[in-house]
Amino acid sequence: MTKQFDNRVTEMLGVDIPIVQAPMGWIARSQLASAVSNAGALGIIETSSGELDVIKDEIRKMRDLTDKPFGVNVAQAFVRDPGIVDFVIDQGIKFVTTSAGSPVRYTAQLKEGGLTVFHVVPTLHGALKAVDAGVDGLLVEGGEGGGFKNPRDVATMVLLPLVRSKVDVPIIAAGGMLDGATMAAAFALGAEGIQMGTRMVSSVESPVHENWKQAIVDAAETDTVMLNRHTSPALRALRTPRTESLEFDTEHNAMELFGRAMDLYFGGDMDAALALGGQVAGRINEVRPVADIIRECAEDCLALLHELAKQYPLP
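My numbering applies: residue 1 is where the sequence shown begins, and numbers increase by one.
To be clear, the hints were calculated from the coordinates, so they are not data collected in a lab. Even glycine gets a Cβ: it sits at the ideal position worked out from N, Cα and C. Check each hint, because a few of them may be wrong.
[Unchecked claim] With a Cα cut of at most 25 Å, we get these calculated SDA-like pairs of lysine to any residue:
no.: 1; residue 1: 68; residue 2: 289
no.: 2; residue 1: 94; residue 2: 16
no.: 3; residue 1: 94; residue 2: 81
no.: 4; residue 1: 213; residue 2: 295
no.: 5; residue 1: 56; residue 2: 260
[Said to hold, decoys possible] The following label-pair restraints were derived from C-beta to C-beta distances:
no.: 6; residue 1: 53; residue 2: 232; range: 18 to 28 Å
no.: 7; residue 1: 64; residue 2: 311; range: 38 to 48 Å
no.: 8; residue 1: 102; residue 2: 299; range: 32 to 42 Å
Build the full structure now, drawing on both the sequences and the hints.
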């Protein structure tokens with residue numbers, strides 16, 4: 001089955017299944033990332049928490065938890081120590097995603113260190129700039145996804161084929177990715193891999209409090225809000241009384257709520273901070289192990305593509 005996913009993304013990442021786990025702050029650490037890599041996909045260690053010493057330990061832990069490939073995200077707006085790039089290179093990491101900043105900043109240095117670099121882009125302009133900077137590929141992120149966003153959000157259905165029509169580099173699609181159907185749709189629109197965020201937050205191996213996982217399971221498709229459209233960074237989070245009160249607030253920066261992030265992430269107080277999440281939460285109905293999520297997604301994607309080819313043969 002896995003050999004059927006033979007494309008540029010699987011070749012560049014060294015994986016069997018072209019699924020990447022999103023680099024969510026405090027969440028995308030060795031417990032979750034190793035489960036993803038061991039399932040044949042690619043786990044990613046985050047840097048957006050800014051806790052560089054802890055992140056270094058998490059990268060080291062990965063070596064004990066998996067012998068499969070994994071990557072690191074360099075979140076430029078949140079990394080306090082630019083030495084993270086030298087550290088990533090020294091650790092022998094082969095794949096890096098860069099985000100929350102200019103692709104010009106680290107791409108050349110990372111590529112000189114022998115790494116494959118994909119840059120996260122929310123617009124066509126950003127995609128063209130990243131390609132000009134020499135990235136190996138793009139992570140094209142639609143506005144329905146969770147986390148930090150472009151305030152002028154564009155849905156994956158529009159953004160992905162637009163970028164594909166203008167660039168030749170391989171693309172990993174993010175935003176709304178959940179299962180075999182969304183993976184097959186992403187392939188049809190020009191991607192060669194997908195990234196999952198909210199689905200991974202709600203997995204068994206996710207380290208967040210059960211209250212957060214249950215909130216995702218209980219969410220309707222309308223139960224996310226976009227915050228900070230008036231300032232930076234814009235955010236998509238689960239709808240709670242706290243986030244709903246900020247939805248149309250143009251006086252405050254919602255990032256101020258991250259001061260009590262640990263009370264939410266690991267204490268379960270859903271109004272202590274912002275529970276970042278995408279609209280796809282409305283399609284998640286249960287907490288499942290990472291290996292089951294990835295296996296079922298891959299198998300269903302291939303089955304669906306096969307059935308569509310039979311149903312709609314060329315004349």
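To see whether the hints hold, each was checked on the structure:
no., hint, result
1, 68 <-> 289, "holds, 18 Å"
2, 94 <-> 16, "holds, 16 Å"
3, 94 <-> 81, "holds, 20 Å"
4, 213 <-> 295, "holds, 20 Å"
5, 56 <-> 260, "holds, 23 Å"
6, 53 <-> 232: 18 to 28 Å, "holds, 27 Å"
7, 64 <-> 311: 38 to 48 Å, "holds, 47 Å"
8, 102 <-> 299: 32 to 42 Å, "holds, 39 Å"
Checked against the numbered hints listed earlier, the structure breaks none of them; every hint is satisfied.
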